[in-house]
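Protein chains: 2
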Amino acid sequence: MLVESIKEVRNIIKQWRSEGLSVGFVPTMGALHDGHQSLMERAVLENDRVVTSVFVNPTQFGPNEDFEAYPRDIKRDYEVCKKVGVHVVFTPQAESLYFPDKSTTVHISGLTDVLCGSKRPGHFDGVCLVVSKFFHIIQPDKTYFGQKDAQQVAVIKRMVRDLNFDIEIVPCPIVREADGLAKSSRNVYLSHEERKAALVLSRSLESAKSILDKGERNASILKAAMLSCIIQEPLAKIDYVEVVDSEDLHSIYGEITHTVLIPIAVYIGKTRLIDNIIYEIS
Amino acid sequence: MLVESIKEVRNIIKQWRSEGLSVGFVPTMGALHDGHQSLMERAVLENDRVVTSVFVNPTQFGPNEDFEAYPRDIKRDYEVCKKVGVHVVFTPQAESLYFPDKSTTVHISGLTDVLCGSKRPGHFDGVCLVVSKFFHIIQPDKTYFGQKDAQQVAVIKRMVRDLNFDIEIVPCPIVREADGLAKSSRNVYLSHEERKAALVLSRSLESAKSILDKGERNASILKAAMLSCIIQEPLAKIDYVEVVDSEDLHSIYGEITHTVLIPIAVYIGKTRLIDNIIYEIS
Numbered sequence: 001m002l003v004e005s006i007k008e009v010r011n012i013i014k015q016w017r018s019e020g021l022s023v024g025f026v027p028t029m030g031a032l033h034d035g036h037q038s039l040m041e042r043a044v045l046e047n048d049r050v051v052t053s054v055f056v057n058p059t060q061f062g063p064n065e066d067f068e069a070y071p072r073d074i075k076r077d078y079e080v081c082k083k084v085g086v087h088v089v090f091t092p093q094a095e096s097l098y099f100p101d102k103s104t105t106v107h108i109s110g111l112t113d114v115l116c117g118s119k120r121p122g123h124f125d126g127v128c129l130v131v132s133k134f135f136h137i138i139q140p141d142k143t144y145f146g147q148k149d150a151q152q153v154a155v156i157k158r159m160v161r162d163l164n165f166d167i168e169i170v171p172c173p174i175v176r177e178a179d180g181l182a183k184s185s186r187n188v189y190l191s192h193e194e195r196k197a198a199l200v201l202s203r204s205l206e207s208a209k210s211i212l213d214k215g216e217r218n219a220s221i222l223k224a225a226m227l228s229c230i231i232q233e234p235l236a237k238i239d240y241v242e243v244v245d246s247e248d249l250h251s252i253y254g255e256i257t258h259t260v261l262i263p264i265a266v267y268i269g270k271t272r273l274i275d276n277i278i279y280e281i282s
Numbered sequence: 001m002l003v004e005s006i007k008e009v010r011n012i013i014k015q016w017r018s019e020g021l022s023v024g025f026v027p028t029m030g031a032l033h034d035g036h037q038s039l040m041e042r043a044v045l046e047n048d049r050v051v052t053s054v055f056v057n058p059t060q061f062g063p064n065e066d067f068e069a070y071p072r073d074i075k076r077d078y079e080v081c082k083k084v085g086v087h088v089v090f091t092p093q094a095e096s097l098y099f100p101d102k103s104t105t106v107h108i109s110g111l112t113d114v115l116c117g118s119k120r121p122g123h124f125d126g127v128c129l130v131v132s133k134f135f136h137i138i139q140p141d142k143t144y145f146g147q148k149d150a151q152q153v154a155v156i157k158r159m160v161r162d163l164n165f166d167i168e169i170v171p172c173p174i175v176r177e178a179d180g181l182a183k184s185s186r187n188v189y190l191s192h193e194e195r196k197a198a199l200v201l202s203r204s205l206e207s208a209k210s211i212l213d214k215g216e217r218n219a220s221i222l223k224a225a226m227l228s229c230i231i232q233e234p235l236a237k238i239d240y241v242e243v244v245d246s247e248d249l250h251s252i253y254g255e256i257t258h259t260v261l262i263p264i265a266v267y268i269g270k271t272r273l274i275d276n277i278i279y280e281i282s
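Sequence lines, in order, name chains A and B.
Numbering-wise (my numbering), the first sequence opens with residue 1 and increments by one.
Numbering-wise (my numbering), the second sequence opens with residue 1 and increments by one.
Hints listed in this document are in silico derivations from the structure and should not be mistaken for laboratory results.
Careful: at least some of the hints might be erroneous.
The list treats identical chains as interchangeable, and a pair is accepted whether it falls inside one copy or across any two copies.
Simulated pairs of lysine to any residue, SDA-like, Cα-Cα distance not exceeding 25 Å [as the list claims (entries may be wrong)]: (1) 214 <-> 245; (2) 7 <-> 168; (3) 270 <-> 258; (4) 157 <-> 103.
Okay, chain A solo, but in the shape it has when bound (with noise of 0.2 Å):
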């Protein structure tokens, strides 16, 4: 079902509550691709019933960035969910979810000063206006998050323990196409030629995990070594390259002693795409 206002989507979910079902919520910036499928098959899974929002929320876009141009298509969209079997898709009117004269921020400190936070200032404090607002329109058991937007996982996950949300957050694998590159729904930005070139970020990335499967642990090494392998791509401009603690996202430039997330940003022409893996230290 396609549900627009925020009262009748409260009023469904009271009624499945008052059934006794488990609600799993999957937020969503619609262009859904097998990322997003993932997310909500396995949201089907595990819980009785299921929202997916499509919201293009602009609070999380700077004023230079692709919020008029992002992809739109309901239609395919609501398609899309209903084939996986999700039972709401939540498409909100920006009007109903801000007033004219909002005023409340919510500020995750720390996390989100670095890597894409730096580079995008108020997205984070946007991300986390626009899921507190979900949060508590939907109230869901369990929200399931991509892995490829890593920063934001880690964010959502303090902003949860930091406010002691009722609501377990669950991080989903990155799915990639055949040939390695992460889904987005940005990739419909790149050229034939720039999608080729796109490769070189999940390139860099396997070249790092084979780097550590051979049991090197020197944090600076693995940079420099991914570094390398994208300055080779003449169409890539790096953003940022790093190795990072998995849950306070600070640099680390020595030894990895444990589970360390590596994220990258990549320009390809004009589009910005990110990928990343986490690396588990037994």
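Once you've looked at the hints, dock chain B against the given chain A.
Below, chain B without anything else, positioned relative to chain A:
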């Protein structure tokens, strides 16, 4: 029942919810007086089950404020709650609520820059943080706040609106001593002489009300009358005297055309007292 653990209070409330019972919540910092009691009595009347929290929240006190001195008597508070019919008294330890690396801020702009907010930087961030946490732990249907903290009521209402909390905020009238002094946990700080001087707060508000009753609508004339009244008391030092919009708290200097809040803050000796009236213009 006295409950210290977050997990335990969650379990109790989940049990109530599974039985279809409604839940009312009264957040307090303890040192309960007749004002708190009136909130709890109303909550008991309007809900199947009532939780009162007793928690002197460190994050809403400034470095030079009275966090250490704030009166604490949990035994007495518990007796008051039991007598009124409160079902659970929730008394978390600060260590269980706040992680050493807590990173989340909930900030309301505009409404918190004026009145008490301008004199107590960070105070309302602390209030919003702890109230958000309690809202997520208790998940009440209704929450009761004293109108004496009028700015707190306006700020919490705004937060609930902006973050789509599914909670009704119920402001309750100020409870006064026989001679007019608004009940406050901080009244115990007053010496005998100061206690008499403190009447200047309610007296100035009464004079404002009687001027309005006579038809005067100029906010500046009203403020002048209140200021003249208060400066006659030698032990009183004015912190602020205001006439503001009752929702967004912006100052009114000219004609009063709609419902206004008239909030005042006055030091009596070293003790800072607040009081207010809401005047409805029909």
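In ascending order, which of the hints set out earlier in this document are inconsistent with the structure? Number 3 only.
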